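**Student:** Here's the letter readout for the chains.
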Amino acid sequence: MTAAPPRLVSPVRGLFDVYVQEAKIAIAQQIQYRAANYMYMLGMVAEPVIYLVVWQTVAAQQGGSVAGITAGQFAAYYIVWTLVRNINIVFTPYGWEERIREGQLSAQLLRPLFPIVEDLGFFLGWKPVVVLLWLPIAFFLALVFHPVLNPSPLAVAVFAVSLLGAYLIRSLNQSSLGLITFWTTRVGPVFQLYIAAELLLSGRLVPMQLMPDWVQTIANLLPFQWTFGFPIEALVGNLSTEQLLGGLLAQLFWIAVGSILVRVVWRFAVRRYSAVAG
Amino acid sequence: MRPIRLAWLFFRIGALNDLQYRANFWLQLLQSAIQLGTGLAVLGLIFSQTPALNGWTGPELLAVMGVHILMGGVIGTVIRPSMERLRSDIREGKFDFVLTKPEDVQVLSSVREIRIWQAVDILVGFVVLGIAIGQLQASLGAIEAVAFGVALLIGALMIYSFWLIVTTVAFWIVRIDEIAELFEGLYQSGRWPVTIYPGWLRASLTFLVPIAFAVTVPAQALTQRLTPDTLALAAAFGVVALVVSRAFFRIGLRRYSGASA
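As they're listed, the protein sequences go chains D and Y. Each residue of the first sequence is one higher than the one before, starting from 1 at the first, in my numbering. Each residue of the second sequence is one higher than the one before, starting from 1001 at the first, in my numbering.
I should point out that these hints are in silico values taken from the structure, not numbers from a laboratory. Nothing here was measured: the structure is a model prediction, and the numbers come from that model. Quick reminder that beta carbons are idealized off the backbone N, C-alpha and C, glycines included. Please note that the accuracy of each hint is not assured.
To be verified - Stretches of chain D that chain Y covers, calculated by requiring three or more beta carbons in the stretch to come under 8 Å of a beta carbon on chain Y:
#, region
1, 47-56
2, 113-120
3, 156-163
4, 187-194
5, 257-265
Pulled out of the complex, with its shape left as it was, chain Y reads as follows:
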């Protein structure tokens, strides 16, 4: 329970901090609106040419978009801020301050920064999802809803593991700022079901950068496409990712020598 209490504490600090800058809420809202608008424009263009994309109808792709925005909000609120802080702390030698605290280093490094205004995307994602579900023909049962929730949680944990592994590289290579850009670019691929991509790309987006598990699988749960096998595979791979990322982080930790005076 200690990690959760710690996360809650940092969440409160982050919230208090961000509440000082309320204009940022409106900026974030504008940014989300622009992204939503361009996303809808693309969907409109595609469905003016074809009735379905690789078997996915308009409302189904809207559901994918909703999950994509929602997961993007989760990443922007809780995952990326802490990881970017970790990266810059390692580079500047401020990581000493984390190491000297009597807490698990990985837990502490992973919950230190929260950006609450980014959570606007989580809300927008839910709204888009709600509209998409309203348009879907098949109704949504309790089983699908639970499967969706589970898939979403597994997906978020996988994305977290991915970010942790990539950020841990900072112990060896100092300048990895561009990794954030690389991830942002790749994350855009999640706006579409990964099944449309050619095999090599689909495999990379599933096992190398787990965007398939983070976005497509939860969307499959909502659109009656998810088989128990896929969900089980996601769970197994999620556990592997968590264990591997933790092990890698500990190896990286040994490389840290501090840079402060």
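The following block holds chain D by itself, in its conformation from the complex:
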């Protein structure tokens, strides 16, 4: 008896299957730990609720709005924020640190697959679970904080697509950062600087209109605002058609930059890898 020859599929089809399988694993795992997932999510929701309360307080004091944003619009901004943040959860550089320090990467390198593809698929699969768990939270927040938003159908469509764009940009950037752990085992300081920059330059802390002009100018040159500010504004900000479609193009540009960066860094990084035992 001879073993059946391996069935050959096209590379694209093969890659697609990998994504689907990784996603299935993620869904099964995350449903198993739904209580843990919920605690994690509630801790995360605290962040925008705090910003929201603070800015609603300021808006109330200033006669209803700050820099043209009303209390209801702040509510819409930060509630949509919670969804965008959940979609934006990706494999962190700390994960890379552990992977390399403990030699887990050795097994991954044996597979005929770029490790970052596994991460992309796994975290993408987590998302349906996350969105399901998020719905009651969003409902509750909407009940309490009275958001005001009236997006056009095009805005909704662009929002949906931009979520995927935001996920990819943030994944690719954090993967590149994670690869630093091939050189040092302490990625913490770099990652914290990255997160601080993201807070200030992405719209994660406050809508970018509230930032001084020079900060907005810096933000325009960097990828951060396409991961938070743009998706949120697409839904709540009454952007024009050009702004909406232009934003998607900008996301596409940063996805391309991120992909190239990750591949280039990987080529140099993987040469430095050495594992002790297996």
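Given the coordinates of chain D, assemble chain Y onto it according to the supplied hints.
**Tutor:** Here is chain Y on its own, set in the frame of chain D:
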């Protein structure tokens, strides 16, 4: 006095241990600086739009931030490390080693781990407080200083009780790692006086997760807002929290069956 001697002993062991890793001091300093920087940026943004937030002026909110950083340092240095160790020991069955020692189990579980570099936040908190007090119009009398110290101590004991209760849940539910994340998230709310939050949230942040008592009340003492009634309420609630957490811990202890071979 025995608990204090025990705590001091573990503090020395922890310090000796951490002193081996001096680079961690600089990492902690960088982390504290980043947090301070973003905190100040937010204050700057808010006060570029409005002269006062719900009656709190810039220097007063800076004082709140100072207390928040200071208390965060206390939690990170002495409370959270021991509680996380307790949690993982229960899960892995290593808790046997604590039970077999001839000391009070709760005391021993609560002082075993110290992270001295986290104390950088305590220093940063005091510096921020000093600057804030310098900017405040009203001068700070001896009574306010004592009230501040008392409020801070009560607040720390309440946060400890909270962590103990939450960690005790590990006797029933094994995977509660995310509770630390949940607390970190909620603790960020203490950066602002709890009076700005809507009623249901304010009540939760006072009696469910005692962030109001840990941060806002000490800050009130510094800004002439603290009434004797509030301080008395804090003291009473603090005693209740300590008693309840100890009782709950003992109930949880009975559930422990050990997991080692």
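**Student:** All the hints need checking, so say for each whether the structure fits it.
**Tutor:** Going down the list of hints, with the structure as the test:
Three residues within the 8 Å Cβ limit are the bar, and the region 47-56 of chain D against chain Y gives 5, so the coverage statement holds. Taking a C-beta to C-beta cut-off of 8 Å, the region 113-120 of chain D contributes 0 residues in contact with chain Y, too few for the three needed, and the coverage statement is violated. Note: the region 156-163 of chain D has 0 residues with beta-carbon separation from chain Y under 8 Å; the three-residue rule is not met and the coverage is violated. Taking a C-beta to C-beta cut-off of 8 Å, the region 187-194 of chain D contributes 4 residues in contact with chain Y, enough for the three needed, and the coverage statement holds.
As drawn, the region 257-265 of chain D meets chain Y at 0 residues by the rule of a beta-carbon pair under 8 Å; below three, the given contact is violated.
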